[in-house]
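Undergrad: Residue numbers for the sequence shown follow the working numbering, beginning at 1 and rising by one.
Hints may be right or wrong, so weigh each one.
[Claimed, not checked] Listed next, with one range per pair, are the computed distances between beta-carbon atoms:
1) 111 with 44: 27 to 35 Å
2) 45 with 111: 16 to 24 Å
3) 49 with 80: 13 to 21 Å
4) 105 with 34: 14 to 22 Å
5) 106 with 64: 13 to 21 Å
6) 64 with 108: 15 to 23 Å
7) 45 with 105: 13 to 21 Å
[As the list claims (entries may be wrong)] Think about it this way: if two alpha-carbon atoms lie no more than 20 Å apart in a straight line, the pair counts; the simulated EDC-like pairs of lysine to aspartate or glutamate are:
8) 66 with 85
9) 39 with 51
10) 66 with 51
11) 66 with 108
If you're looking for bench data, these hints aren't it; they were derived computationally from the structure. Glycine included, each C-beta is placed from N, C-alpha and C at the ideal position.
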Amino acid sequence: MGSHHNPLRFVYLGLGLTLTLGLNGFKPSLALAQTIQCKGNLGAIAIGNLEVPSGATCTLRQTVVKGNITVQPMGTLITHGAVIEGNIRASQALGLTLNSTRVQGTIERPSQSRSPN
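Build the full structure now, drawing on both the sequences and the hints.
TA: What follows is the structure, given as structure tokens:
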């Protein structure tokens, strides 16, 4: 008999590609919805919310932050050419340095130390 062609084989392959593309399509949106902890360097990527833990230093280079940044007490944030679409809350941070960075929201900077009266 001649070769037998099974059309279901192509249906399964097509379904597999659809599921793979569908699952991969959701990953970026999930990453943007989560809060990322930064204890080092981030490069030219887009993320959602960002947190710098207490005692850590986070350096952003060409990073796009689509959410808010919170710098915990004694944390340090340094940016170079970043875009922050939300707010930066760093009122108790050890350091906050923004180099060539655009911030679309508000910035709470570390308070200056004051002498007692």
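Undergrad: Given the hint that residue 39 pairs with residue 51, test it: the Cα-Cα distance must not exceed 20 Å.
TA: 9 Å, holds
Undergrad: Does the Cβ-Cβ separation between residue 49 and residue 80 fall within 13 to 21 Å?
TA: 20 Å, holds
Undergrad: Do the alpha carbons of residue 66 and residue 85 lie within 20 Å of each other, as the hint requires?
TA: 5 Å, holds
Undergrad: When you check the alpha-carbon spacing of residue 66 and residue 51, does it fall within 20 Å?
TA: 13 Å, holds
Undergrad: Note whether the CB distance of residue 105 and residue 34 lies within 14 to 22 Å or breaks it.
TA: 19 Å, holds
Undergrad: Take a quick look at whether residue 66 and residue 108 sit within 20 Å of each other, Cα to Cα.
TA: 17 Å, holds
Undergrad: Hint says 13 to 21 Å; check whether the CB-CB distance for residue 45 and residue 105 agrees.
TA: 19 Å, holds
Undergrad: Evaluate the given range 27 to 35 Å for the C-beta pair formed by residue 111 and residue 44.
TA: Holds, at about 32 Å.
Undergrad: Given a hinted range of 15 to 23 Å, is it respected by the beta-carbon distance of residue 64 and residue 108?
TA: 21 Å, holds
Undergrad: Holds or violated: 16 to 24 Å for the Cβ distance of residue 45 and residue 111?
TA: 31 Å, violated
Undergrad: For the pair residue 106 and residue 64, does the Cβ-Cβ distance stay inside 13 to 21 Å?
TA: Taking Cβ atoms as reference, residue 106 and residue 64 lie about 18 Å apart, which means the hint holds.
Violated hints amount to a single one, hint 2; each of the other numbered hints is respected by the structure.
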